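Enquirer: So you can see what is in the structure, the chains are spelled out below.
Number of protein chains: 2
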Amino acid sequence: MGKKLTSRAENYSKWYNELVVEADLAENSAVRGCMVIKPYGYAIWEKMQAELDRMFKETGHQNAYFPLFVPKSLFEAEEKNAEGFAKECAVVTHYRLQNDPDNPGKLRVDPKAKLEEELVVRPTSEAIIWSTFKGWIQSYRDLPLLINQWANVVRWEMRTRLFLRTAEFLWQEGHTAHETKKQAITEAELMNNVYATFVENFMAIPVIQGLKTESERFAGADKTYCIEALMQDGKALQAGTSHFLGQNFAKAFDVKYTSKEGKQDYVWATSWGVSTRLMGALIMTHSDDKGLVLPPNLAPNQVVIVPIYKSEDQLETITEVVNDIIKDLRARNISVKYDNRDTYRPGAKFAQHELQGVPLRIAIGSRDLENRTVELARRDTLTKEVIELDTLGDKVENLMTEIQGTLFKKALDYRNSHITEVETFEEFKTVLEEKGGFISAHWDGSAETEDKIKEITKATIRCMPLENSSGSGKCVFTGRPSERRVLFAKAY
Amino acid sequence: MGKKLTSRAENYSKWYNELVVEADLAENSAVRGCMVIKPYGYAIWEKMQAELDRMFKETGHQNAYFPLFVPKSLFEAEEKNAEGFAKECAVVTHYRLQNDPDNPGKLRVDPKAKLEEELVVRPTSEAIIWSTFKGWIQSYRDLPLLINQWANVVRWEMRTRLFLRTAEFLWQEGHTAHETKKQAITEAELMNNVYATFVENFMAIPVIQGLKTESERFAGADKTYCIEALMQDGKALQAGTSHFLGQNFAKAFDVKYTSKEGKQDYVWATSWGVSTRLMGALIMTHSDDKGLVLPPNLAPNQVVIVPIYKSEDQLETITEVVNDIIKDLRARNISVKYDNRDTYRPGAKFAQHELQGVPLRIAIGSRDLENRTVELARRDTLTKEVIELDTLGDKVENLMTEIQGTLFKKALDYRNSHITEVETFEEFKTVLEEKGGFISAHWDGSAETEDKIKEITKATIRCMPLENSSGSGKCVFTGRPSERRVLFAKAY
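These protein sequence lines are chains A and L, in that order. The first sequence begins at 258 in our numbering and counts up by one. The second sequence begins at 258 in our numbering and counts up by one.
I should point out that these hints are in silico values taken from the structure, not numbers from a laboratory. Computed from a predicted structure; not experimentally measured. Treat each hint with caution, since some may be false.
Put simply, identical chains are the same to the list, so a pair is met inside one copy or across any two.
Stated by the list, open to error - Here are the computed lysine to aspartate or glutamate pairs in the EDC-like style, where the Cα-Cα straight-line distance is at most 16 Å:
{"no.": "1", "residue 1": "Lys709", "residue 2": "Glu473"}
{"no.": "2", "residue 1": "Lys652", "residue 2": "Glu315"}
{"no.": "3", "residue 1": "Lys363", "residue 2": "Glu336"}
Modelling step: build the complete structure from the supplied sequences, incorporating the hints.
Expert: Structure representation (structure tokens):
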């Protein structure tokens, strides 16, 4: 604690890495690419989980749990999906260790304990879940089947970064089955909407809803909906995806249902997920050079109270007043922490809470007691004011809503001012390099053009926005006819 | 649904297996030894999690998340622990699949993607967590460190049974570090107490708190506290354990702290866990030949309401009354499900809810409307009565407490009448075979005697009860002096 962060201007990437560690959110572990999520970071994740879980249940979904492992033969059943994930699979090949005869006290894999069939550690659970759904679905009465799972998954990424890209991460994955194509598409759209609502209202991060191009789609999906956010360095971040899977998995795992009319058909599927990656989006959207900035909805402690005292007697008198404040705030459903540790000085406590993004800090000393005031400091604006004790409760309650709104507004203004329409490829490159953000440009719809632009600029098509009134035009790269503008950006 | 269960008397084990599947709690998966926890079973587990999590936080613990994988070199650092788990470890050796040139469309492990160091899928997390704690603990100010993790773990068991013993299971594992031996022992006892309180008050399962003998201890622990429950077939089930780990892991991972006085020493540790195995204990303690019986605290739906109607008009009138009932019950914090599915008949619904253990069923038909009554059926006693609508809310609210108490009392009576003191080994064997349950007997304290008794009878020492007033005596097997009685039983 106390070490000054690299500034965003100096080195954004370094700033992020330092912030995650210094604010006690997460750290690298002894396992390549796997992180440890520290208590403070996990507490924020728990708040996200609780709200998402509530939203999933409200929309009729039920939680269940499926195996961590996928037998190789199941994994390869849906070919596109298998192909998409094969290159980054952790594979269990043995089920026992034994003493190493050459190294006393050490263990080695027991060569006699080789599995007949290798097990893939789930990179995503479509295969194992659809092999299970086969047993759950017989008739229209079993549909829609609306399942969600909270789980860990493993994708052996070569370049990892805390929260943004880790070999193991935590997520939820929804898997649903429906009678008709239309119902499945409606579900995929509904859940993309749930994600957008959650990320905007709860995390205060504005997002653009859109569809992925074919080359950016989830392996095995017919359509991939997404929500795209913009970070402070002008790079985009995919914050969640919702897939319409067609009948691909139903066919791969032979999942049919009998309709009310007695007709047999394959069911239609969706899957959708958000992960601990959202923590990265949260950090990079709101935080500043002094550390984390948390929207009140996600702050483990919304308010921290620091007593300023010289003697035990003073602390005691202050604590009496603080207890009343705490009681008042808790009655208003505001979480408060009283930081009365005697092992740290007020200055160190201020620095820590600033670094950790506690939305409001109340400091209270002996002079405050005399004047019946407290000092109130806002983390988002870094402003301080002296407040009369009698008005504190109302003030704090109002500020919770205000700060949540301010953070969203600030992020929205930044995002909106970083969507630039361009007409030529020169303009495209200049804006990308000099300004960053989303570039709204016409595209001829071909994967070839998409690839070439990516090769030259490193920008990808983040999405084809659902809200679209751009009309037709000419492709920014080839000049061929284009039906609509799409959003390009460099991305995390 | 509708298939009659094998009775407990006929085949207890078969009854259990059928019940778990028929009541929609869990099923076997395509992965050997791994289960799928179905939505209804998972909803019960979520209730357990929520209550335990609340209790952990109330006692000062914080959640965090550590990697799924443990590098082999870390895994083997604490030798006893490594030795204890080596034989049942799933091991990741490769990180990529590739197209199988011999089998088009199939995949195989890419031989070039072999890991330099194998990764063990965590069977328990002491090793990875203590390698992390080393970075978190410098001084007394960092202690006590009170961490909990909700996670999946894998132990490659040869004989598996749904919930009771599965290759992958869900659990929580607490890991704490303390300044003194005494503080660590107090923590281990506290958490064993938390488990006992939870299992008795929340799950309505009476338990005996005790210490394990050396041979039954957790690998790497100096003391293992446990809670032991008794199932309806007279077999014991270990429902939770809490370990005092001494300085074993601190030494293996070199975790020292500087005291207030500036002295360096290794920290003292505990770990403690309960798992989805508790689902097995729940099922086997309360259920009957008709299916699951759930204590109200754990029932996803505490009350189900089934309308009995012939016409749509009737259903509409009934639904109006039902909506008032639901409103009343929800205001009392009682969870209610209105089963108005038109795809099933009342008889099928009754059977399903009985099988799934819904504590109270309310049936309401046209005649009830006229009389302002409903039919109320209790799952635990299988009794029915007609209740006046005006008194229903109070009645149901009281029954929630009453049923919870009745189930505990019934299980306690059964358990207490199945603790038998024996003086001779003949008696020991007779009671074990004819009556089952816990056998309270003197034991000379040697592992040899313990082993021999196990070999001959298959009974193990479940625990040395913490509450103990048995006094000294002679070992039931060797006749040697014994300091105290211990509890033997056959166990799950």
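Enquirer: For each hint, tell me whether it holds in the structure or not.
Expert: Here's how the hints hold up against the structure:
1. Lys709 <-> Glu473: For Lys709 and Glu473, the Cα distance is within 16 Å only inside one copy (14 Å; across copies 64 Å).
2. Lys652 <-> Glu315: neither (32 Å within a copy, 29 Å between copies)
3. Lys363 <-> Glu336: between (40 Å within a copy, 9 Å between copies)
Violated hint for the displayed structure: number 2, the only one.
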